[in-house]
Structure formats: structure tokens, C-alpha cells
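> So you can see what is in the structure, the chains are spelled out below.
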Amino acid sequence: MAADPVTGAAPAKAALWRRPVFRSTVFQVLLILGVVAVANYLFTNTLQNLEQRGISTGFGFLSNEAGFGIVQSLIDYDETYTFGRTFLVGLLNTLLVSGLGIILATMIGFVMGVARLSKNWLIARIATVYIETFRNIPLLLQILFWYFAVLQPLPRPKQSLELGEMFFLNNRGFYHPVPVFEQGFNLVFAAIVVAVISIVFLARWAHRRQEETGQPFHTVYVSLAILFGLPLLVFLVMGSPMSWDYPALKGFNFTGGGVVIPELMSLLLALSIYTGSFIAEAVRSGILAVSHGQTEAAHALGLRAGPTLRLVIIPQAMRVIIPQLTSQYLNLTKNSSLATAVGYPDLVAVFAGTTLNQTGQAVEVIAMTMGVYLTISLSISTFMNWYNKKKQLVER
Amino acid sequence: MNSAAGDMDAFVQPHFLKNLILTSTRGNNRTMKKIVLATSALAFCAAVSTTAFAGATLDAVKKKGFLQCGVTTGLPGFSSPDDKGNWTGLDVDTCRAVAAAVFGDAQKVKFTPLTAKERFTALQSGEIDILSRNTTWTLTRDSSLGLNFAGVNYYDGQGFLVSKNLGVKSALELDGASFCIQAGTTTELNLADYFRANKMAYTPITFDTSDETSKAFDAGRCDALTSDQSQLYALRIKLKNPDGAMVLPEVISKEPLGPVVRQGDDEWFNIVRWTLFAMLNAEEYGVTSENVDKMAASSKDPNILRLLGQSGIKGQGLQLSDTWAASIIKQVGNYGEMFERNVGQGSALKISRGLNALWSKGGIQYGPPVR
Ligand SMILES: N[C@@H](CCC(=O)N[C@@H](CS)C(=O)NCC(=O)O)C(=O)O
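Chains as they are written, first to last, in my numbering: chain A, 5 to 400; chain B, 892 to 1262.
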């Protein structure tokens, strides 16, 4: 055991209860016990009182038949499935819109953030106008704008805008063909996996080669060639084991193919454009935080503007950007619950809305819903913290 | 816990909750409000015990001096605010009648607009004293939400509203159609049942408020709008072109709509239930808002005299004043007057009495004897 750093005395001399480590541990354990006890008291007491009031409690309702339909589901669902299933349907719809939103917002944000710093006056102005406009209009209004002002006025199914009898756009959504995989397509999937793995190795090899010899390698082009070439080759060898299912107008609506409903489109557009404007500002501030000397040094070494940005500025800017990016991702995910405004069936609309109302079990349903958002948020921030650490260690 | 409950009650009754709850319910605040409602339901339930419940609502209502009544966010004929913020409608008048019975003043009501999804939590948490919001009486709601249905102020059934140029004459032709509906309603469930039973496909597009629902229908997001039939007539007059839409003949469900109160307060339950019965009895005996004073002074009919508090038990059992029923009739009218003014021939909706006629006139509205 180490000696006490302040007094220099050996710790064994102090009585057990005087040792700081021991005391702080005891207090922390007591605190945790206290919190757990209070939470437990509140929870059991609530359930007990609800029961006395004649309000159903417990999680038994999750296995009862739901009895209502949901417009969009990533897994099999109809009204004969259970309330538990509605939870999954809502959860997946939330993950879908948040996941896509995060990807789109990041792309928009990086492009616009860099564009705002562009030397080209017009590009910089466009980016500024975009950022200042969308950052300052409340998100709910933007969602309603896309839904009611842009997507609803589209033509009705019979007058759909179409592209080559494959893609149709009307006020019920965007209809597109979906691939139908036939026997033998598994090998194509396998080829994709193989391609991805080999690209990873290729990138490592290229990196090492550059470190050792200073010779760059066109990783991007070769990777793209592998990614598309290999599966395509297998696909052709297997005799094209795939067909397309095209949407077609039948009765009132299009059937067949796939559809992106306008509720999803408006929510996704609003979330990614809104959050993108914040990310753009984070990117700009990150880039500005890298001292101009870095750019000058890079130029002096003969790097052109593109590689300077990619290899020198962005990696250093990332350290400033990532923490802000994390909070924007969290915001986007939580903001996706505004879905109810346009009837997109996310977790809040389907589960904390309809299911709560049809079962009346507010406490259980809200607790589950809060648990989900907490878990999603904690996972995002854990991942981003890990990523941040990794980025910071690159520092030399 | 039980012994402390009496003291805790003072904290947890509506005053405390009201401060927590935002009064504005539209737009941005909706999600916020739901969270507040749910949280306050939790806080409410965690702190109070049941024994303190009986009689609590009447006392609390009297103490604060007005009735807090949960209504729709706007549905012509049932509950809708005019441009000055005055609420009118059948469900609104039901609340006014309760206020007339309790205070002798039908104006002592404040209204809380609620979406279908919010309504039960609002009542459970004590934000409102009575829910009068075209709410269907079902087994689940009556038995597992800790609520009681006090009666039926409108017998309804679910129907379909379609655009005329869809060229559809019957709901059975709607295979593959999409439907605008409101979340958290029996409508959602009946629609699923009906299409399952008839082996037809459908797409539900679910919105929070009737406003969003009818706007989406107007914009052609869905082929049909489905809801209780009375509400279809009400929503139809709000469309851009009401004549371009029609109600299909099918009625696919039973929707007895009525006021709801919290379970466990029998005294309050009786007051609401007998407010309705008093209005039905008044219509049956021909007592109207116009002739009620004259009847009280000069009628010879013992039924009328008992109803108007001139003889018999009067208001005692309900712990109300002797003229409770007379106040209702004078200020709100009898059931028939209330019906015609809001949804019947005196209104834009022009709905005929149908099932809502008195039992003696071919309907099923029936008030037990006042004696
Ligand atoms: N009676 C049904 C449906 C009631 C209902 O909410 N109907 C809609 C018609 S679209 C409504 O009144 N909405 C008015 C509002 O949300 O303010 C139930 O109790 O579930």
C-alpha cells in the first residue's frame, strides 16, 4: 500500500473509518442504497395506488392483441399482433428516421460548414443564408412546412409524377421498385462482405506503404472498383439472380414496390436540414479553431487545397467538432419525437400515443419510452466519446 | 401511508396539479403537455391513497368555484370555441348543466381542450373534473382505466366520409383504400376489425387532432376519413368544399358517447349521471327553459313538481340545492333543446334524433324516474 501523499504516514496507522477511501466508499454505497430505496418506494407505491384506483398495472398488456393498424413497419405487423410488437414497430421507426437523419445532417453540415468558409463569394453566401435561415426557424414549423406546404400539394395517385414507369411521386408518397432476391443471391451478399474486408486490408496496406515509402496509393478508386466489381462479377456469373418488383396503380393506390411515406419524408427533411445547419456551424468553428499557420505550412509543403483540408485541417478540427456533433446527434434523435405532428408512426406516436391510450397504462408505457430514449442517447454518447478519444490520440 | 393520505390530499388535488399543467394545448406544447400529464399522473398516484376519494371532487369543485371540463380541441356541434373563445356544443352543454346543478350557474365552467390521446390521463391525474369529449363507453375504458362512464348523451356509430369523385357508394368498395383517422380512438380499432372481418386491405394514416385529420383528408392524403358519424357531419362542414364529400351509408360500430368521471367518487358520479337524467325527464314531461319557472309555480303534475324541487327528495341525496334540476333546465334546457340547438335542426349539422329520440318517441334515450 502507498503512503498517504499528504502526511506521509503509513495508512495502516489510521483507523479504518478514518481512511478517506473507505469513508468515500461507504458514503457512496449509502447514497446508492438510498436512491434505490426511494425509487423502489415510489414505484411500488405508485403501482399499488393505481391498482387501488382500479387502473390496470403491470406489463401483462404487452402480450394482448393490439387491434389497430400502423402505416409503416419495418417488421411484419398487422392488427392481430400484440402491444409488445407495437413497441418494436415504433422503436424501429424511430431508429430509422434518426439513423437516416444523422447521416443526412452530417453530410449537409460538413458540406455547408466548409462552403461557408469558401473563398468563392456566391458559395459562401448561399451557405450563410442556408445556415442562418434554417437554424432560426423552429423545427416543428419546418416539419409542418415540408408536410403541408410541399408534400401535400403534390398530385393525387392517378396524376402521379413518374419517371420511366418505375418511380412515382404523389401526395401519398414516393413509390419505387424493390429488388426481389432469387436463389443464388446469397453468394452476391457474400461477395459484398469479402469486398468490404479486402478494402479494409487494402487501406491498411496503403497506409503502411505511404508511411514507409512516402508513396500515396489511390485507395478510393481501387476500393470502389472492388466494392462494385466483385459483387457484380459474382452476380453475372450466377446468372443475374434478381428481379424487380415495380409499383403499379391498382384501385385507389399504388401496390407493389416500396414506398417512402410523406410523413417520413417531411420529418427526415426537416430534421436533417435543421440539424445540418447546426452541424455546419460546428464544422466552421472547428476549422477556424485550427490556426492558419497549419494551412500555410501545408501549402509550403506543396499540398493542394483539397488534401490540405482533408489531411491537415479536418483531422485537427474534428477534435473541436466531435463534442458538438455528439450533442447534435442526441438532439436529432430526441427531436424525432415531433413525428406525432405529422402522423409519422415513431415510438412516441405509436407506443406512447396509441398504445398508451388503448391500454391506459401510462406509467409503464412512459417508463418504457423514457428508457428507450435514455438508452439510445447513452449509446450515441458512448460511441462518440470512444470516437473522440481515438481522434485525440492521433495527436503527435 | 393511509393515515397520512388525508393531509397529502391537500397538496395533490387539482390546485397543485393545475400549476404544473400548461393551459395552452395547441401546437408546440402538445408533446410537452403529454409529458407533464404523464408525470403528474405519476406524482399524483404516488402520493395519494384511495380512501380520501369519495366526495372529494364535489368539495374541490365547490372550493375552487368552477368546474374544469375536458372537451375536444374543436368539433362543431359537440365542443368548439367561437372566435371569442366561448365554447358551444352538446358536450359543452353537458358540462354547463353539471355546473348549473352544482353552482346554480351554468357559466362556472372552464374548458380544457384535449386530443383523444390525452383525455384519459387528464382525467386520471385530476387536471379535469369531468371528461365530456365524445368518448365511447367500452369495457376496457370502464374497467381498467380507473374511470366510470356516467351515462350516454349521444348514441353514435362509426361511418366513412369519402370524396364524391371517388365514385364509391358503399364501404365494401373501399378495398385497398387509405384512411385518415385520429390516434387513441375506438375508430382505429373498429377500422381494423371491419377490414379484417371483410378480408380487405387498408392503410391507416393516424393524426393527433381532428384538425390535422380533416386537413390531410382535404389535401387528398387519404381516400376516406373515418370517425363517429356525427363527427363526420361536423368535420364535413369544416372542409374546403363540403359538398364534394359524402357520408357512406354503413355504420360499422356502436359508439355510445357520454361524460366520464374518476372511479371511486360515487357522489360525483351520481351528480353527473342525474344531471343527464334530469334533462331527459324534463323533455319527457315537457319542461323547457322557457316554461320552467311557470311550471314550478303552477304545475299540478307530481312528476314535474318532484323534478323541479317542489316536493319529494329534492337535492338532498345528491348534496345539491333543491332547485338543482330547475337550474339546469332554466339555463341549459332539456335534452331535446340541447340536442336541436347544437347538432339538430337548429344547427348547421341538421342531424335527426334517430336513436337519440326519447324512448317514448322511438329512440332509446331514457331517464329513470325522479322520485
Ligand atoms: N368516440 C371515439 C372517437 C372520438 C374522437 O376523438 N373523435 C374525433 C373525430 S376525428 C374527435 O372528436 N376529435 C376532436 C379533437 O381531437 O379535438 C372514441 O371515444 O374513441
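Some hints could be false.
DSS-like, lysine-lysine: derived pairs with alpha carbons at most 25 angstroms apart [claimed, not checked]:
{"no.": "1", "chain 1": "B", "residue 1": "953", "chain 2": "A", "residue 2": "162"}
{"no.": "2", "chain 1": "B", "residue 1": "1131", "chain 2": "A", "residue 2": "162"}
{"no.": "3", "chain 1": "B", "residue 1": "1055", "chain 2": "A", "residue 2": "254"}
{"no.": "4", "chain 1": "B", "residue 1": "975", "chain 2": "A", "residue 2": "254"}
{"no.": "5", "chain 1": "B", "residue 1": "953", "chain 2": "B", "residue 2": "999"}
{"no.": "6", "chain 1": "B", "residue 1": "1090", "chain 2": "B", "residue 2": "975"}
{"no.": "7", "chain 1": "A", "residue 1": "162", "chain 2": "B", "residue 2": "1060"}
{"no.": "8", "chain 1": "B", "residue 1": "1129", "chain 2": "B", "residue 2": "1241"}
{"no.": "9", "chain 1": "B", "residue 1": "1055", "chain 2": "A", "residue 2": "162"}
{"no.": "10", "chain 1": "B", "residue 1": "999", "chain 2": "A", "residue 2": "254"}
{"no.": "11", "chain 1": "B", "residue 1": "1129", "chain 2": "B", "residue 2": "1055"}
Residues from chain A that keep clear of chain B, each with C-beta distances beyond 12 angstroms, as calculated [to be verified]:
{"no.": "12", "residue": "56"}
{"no.": "13", "residue": "57"}
{"no.": "14", "residue": "112"}
{"no.": "15", "residue": "139"}
{"no.": "16", "residue": "188"}
{"no.": "17", "residue": "219"}
{"no.": "18", "residue": "221"}
{"no.": "19", "residue": "263"}
{"no.": "20", "residue": "330"}
{"no.": "21", "residue": "347"}
{"no.": "22", "residue": "354"}
{"no.": "23", "residue": "358"}
{"no.": "24", "residue": "362"}
A partial selection of chain B residues facing chain A, derived with a Cβ cut-off under 8 angstroms [as the list claims (entries may be wrong)]:
{"no.": "25", "residue": "951"}
{"no.": "26", "residue": "1085"}
{"no.": "27", "residue": "1088"}
{"no.": "28", "residue": "1090"}
Keep in mind that the hints were calculated from the coordinates and are not lab data.
Even glycine gets a Cβ: it sits at the ideal position worked out from N, Cα and C.
> For each hint given before, does the structure comply? Return the numbers of the non-compliant ones in rising order.
1, 4, 6, 10, 12, 13, 19, 21, 22, 23, 24, 25, 26, 27 and 28
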